[in-house]
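So the sequences go chain by chain: A and B.
For the first sequence, the residue numbers in numbering that gives the first Met the number 0 are 0 to 407.
For the second sequence, the residue numbers in numbering that gives the first Met the number 0 are 0 to 147.
It should be emphasised that the hints constitute simulated quantities derived from the structure, not laboratory data.
Bear in mind that the values here come from a model prediction, so they are computed numbers and not experimental data.
If you want a taste of the chain A side facing chain B, the calculated C-beta under 10 angstroms gives, among others:
#	residue
1	V339
2	V347
3	A357
4	H359
5	Q363
6	A373
Computed list of lysine-lysine pairs in BS3-like fashion (alpha-carbon distance at most 27 angstroms, straight line):
#	chain 1	residue 1	chain 2	residue 2
7	B	K16	A	K399
8	B	K126	A	K399
9	B	K51	B	K86
Here a beta-carbon is modelled for each residue, glycine too, at the ideal position from N, C-alpha and C.
Listed here are the chains, written in short residue letters.
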Amino acid sequence: MNEHEIRKSFPILHQEVNGHPLVYLDNAATSQKPIQVIEAIENYYKKNNSNVHRGVHTLGNRATEAYEGAREKVASFINAGSSHEIVFTRGTTTALNLVAQSYARAFLKEGDEIVITPAEHHSNLIPWQQAAKATGATLKYIPLQEDGTVSLENVRKTITHRTKLVSIAYVSNVLGTINPIKEIAHIAHGHGAILVVDGAQSTPHLKVDVQELDCDFYAFSGHKMLGPTGIGALYGKRKWLEKMEPVEFGGEMIDFVDLYDSTWKEIPWKFEGGTPIIAGAVGLGAAIDFLQEIGMNEIAAHERKLVQYAFEKLEGIDGITIYGPRKGRSGVITFNLDHVHPHDVATVLDAEGVAVRAGHHCCQPLMKWLNVTATARASMYLYNTEEDIDRFINALIKTKEYFSHVLG
Amino acid sequence: MSLDDLYRRVIMDHYQKPRNRGTIEDGAVTVNLNNPTCGDRIQLQMRIEDEKIAEAKFVGEGCSISMASASMMTEAVRGLSLDDAMKMAELFSLMMQGKDIDPESYGLDIGDIEALQGVSKFPARIKCATLAWKAMEKGCGECKLKSE
Numbered sequence: 000m001n002e003h004e005i006r007k008s009f010p011i012l013h014q015e016v017n018g019h020p021l022v023y024l025d026n027a028a029t030s031q032k033p034i035q036v037i038e039a040i041e042n043y044y045k046k047n048n049s050n051v052h053r054g055v056h057t058l059g060n061r062a063t064e065a066y067e068g069a070r071e072k073v074a075s076f077i078n079a080g081s082s083h084e085i086v087f088t089r090g091t092t093t094a095l096n097l098v099a100q101s102y103a104r105a106f107l108k109e110g111d112e113i114v115i116t117p118a119e120h121h122s123n124l125i126p127w128q129q130a131a132k133a134t135g136a137t138l139k140y141i142p143l144q145e146d147g148t149v150s151l152e153n154v155r156k157t158i159t160h161r162t163k164l165v166s167i168a169y170v171s172n173v174l175g176t177i178n179p180i181k182e183i184a185h186i187a188h189g190h191g192a193i194l195v196v197d198g199a200q201s202t203p204h205l206k207v208d209v210q211e212l213d214c215d216f217y218a219f220s221g222h223k224m225l226g227p228t229g230i231g232a233l234y235g236k237r238k239w240l241e242k243m244e245p246v247e248f249g250g251e252m253i254d255f256v257d258l259y260d261s262t263w264k265e266i267p268w269k270f271e272g273g274t275p276i277i278a279g280a281v282g283l284g285a286a287i288d289f290l291q292e293i294g295m296n297e298i299a300a301h302e303r304k305l306v307q308y309a310f311e312k313l314e315g316i317d318g319i320t321i322y323g324p325r326k327g328r329s330g331v332i333t334f335n336l337d338h339v340h341p342h343d344v345a346t347v348l349d350a351e352g353v354a355v356r357a358g359h360h361c362c363q364p365l366m367k368w369l370n371v372t373a374t375a376r377a378s379m380y381l382y383n384t385e386e387d388i389d390r391f392i393n394a395l396i397k398t399k400e401y402f403s404h405v406l407g
Numbered sequence: 000m001s002l003d004d005l006y007r008r009v010i011m012d013h014y015q016k017p018r019n020r021g022t023i024e025d026g027a028v029t030v031n032l033n034n035p036t037c038g039d040r041i042q043l044q045m046r047i048e049d050e051k052i053a054e055a056k057f058v059g060e061g062c063s064i065s066m067a068s069a070s071m072m073t074e075a076v077r078g079l080s081l082d083d084a085m086k087m088a089e090l091f092s093l094m095m096q097g098k099d100i101d102p103e104s105y106g107l108d109i110g111d112i113e114a115l116q117g118v119s120k121f122p123a124r125i126k127c128a129t130l131a132w133k134a135m136e137k138g139c140g141e142c143k144l145k146s147e
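One chain only, chain A, in its complex shape (with noise of 0.2 angstroms):
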């Protein structure tokens, strides 16, 4: 693939911020979008807006189509059995949150055990917890190995036959760590759990097979892979989406209603209570065409490429601790430059035109294990260059220099 033709898609990186030339390393907090899925948003709106599911005319039938053709997308795009199995929700968090709220609290009592790791991001812990609150189930974690990894001795040694569900993310958003999906479902399964899979950080980066990883449920955001915000999906098996109950009641996603009680339409409506974010979900399927396109091994084996050069350069740097192990990683690098708090290292980047990301990026805990308050992340996408790592590790030699300087 040629990132360098690709960027010619993307509008807003061909910009200066604060006097250099723009470089974008926040793509795990959300990616740019390519003109084609700012297009595709704006024609459905000029030419084709109407709601969906029940106009007779001609833009509600052209509405129904574009909406319901993105969701064949989505369920090609991670190889679902059926459109059917794909329910569109506002995001990961939304889509997690319907799990814990139909799946877990309908079908957990006490006694009863969720399992995760401590590295998940919030999305993917407090609905847990929650969840847990509400049946009486008990929350376990599978310990992390000193890397940050998940061992699948650790995942056998914490999984028991009291075990009803296992949600981990496929990447961590954190440490780029990703984990061994296939044999935790294998493990999970033969102690009869489901297992949930955070696809936050996954679905915009590696080639996603939901039968192969024969997870649940598995759930994803469309604003990281290219598509606008407020859009996203639960991928779900059949035998479970057909058993849960709807958590939003209202118009849309009804059957028969009569005074006192009603009935729900078949899966996937049935969840998708009120006017759907319509526009989002066409902007999602042009996401996912501009992606199968270049296609996604491909661009996993560009970021591979880049994470690996990054690395090599910035072991060349005194004082930068990097946490999480060097190898069978994503594109997200997080660091620490020695002295210097990751607010005021993310603040001089900022300076250079470098966008980075600095906090505990929504993973208390995670941050907790590694012992520090917050970190720095820079995380990478397909449209970033070896230049861009250049600039990057040049802003970050500026930095470490410029805190010498004031710091004296």
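Using the hints, position chain B against chain A.
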């Protein structure tokens, strides 16, 4: 944007050698505040005598701006009445909004705090600078409620 507006020498000095870092044994008003988006946290303690801040001490974790601001604030409010301390917090908030302020018209001596003026040019960092001040305002407010 000039970094030197932000990282003034006096700020870095307070960061490296924070004044009034520590805790007050007993009888102090204690306020815990954190910045949930970044994880910075502060515990501010104030010993109030005759409706005046006799002593203010803090412990916490955070970036250079948040810790320097806490250090400067604890210096500035010592000896002030609760009303004056709250007035100073208001002044600081205006300063962070980039407003031209005249401390003298408030009858207050802001000392080193003037060095934090540059933070207003870095909108992402304003929350860092105001954390300690929010804690102080909260503590003063609680004291006033109690005394009423």
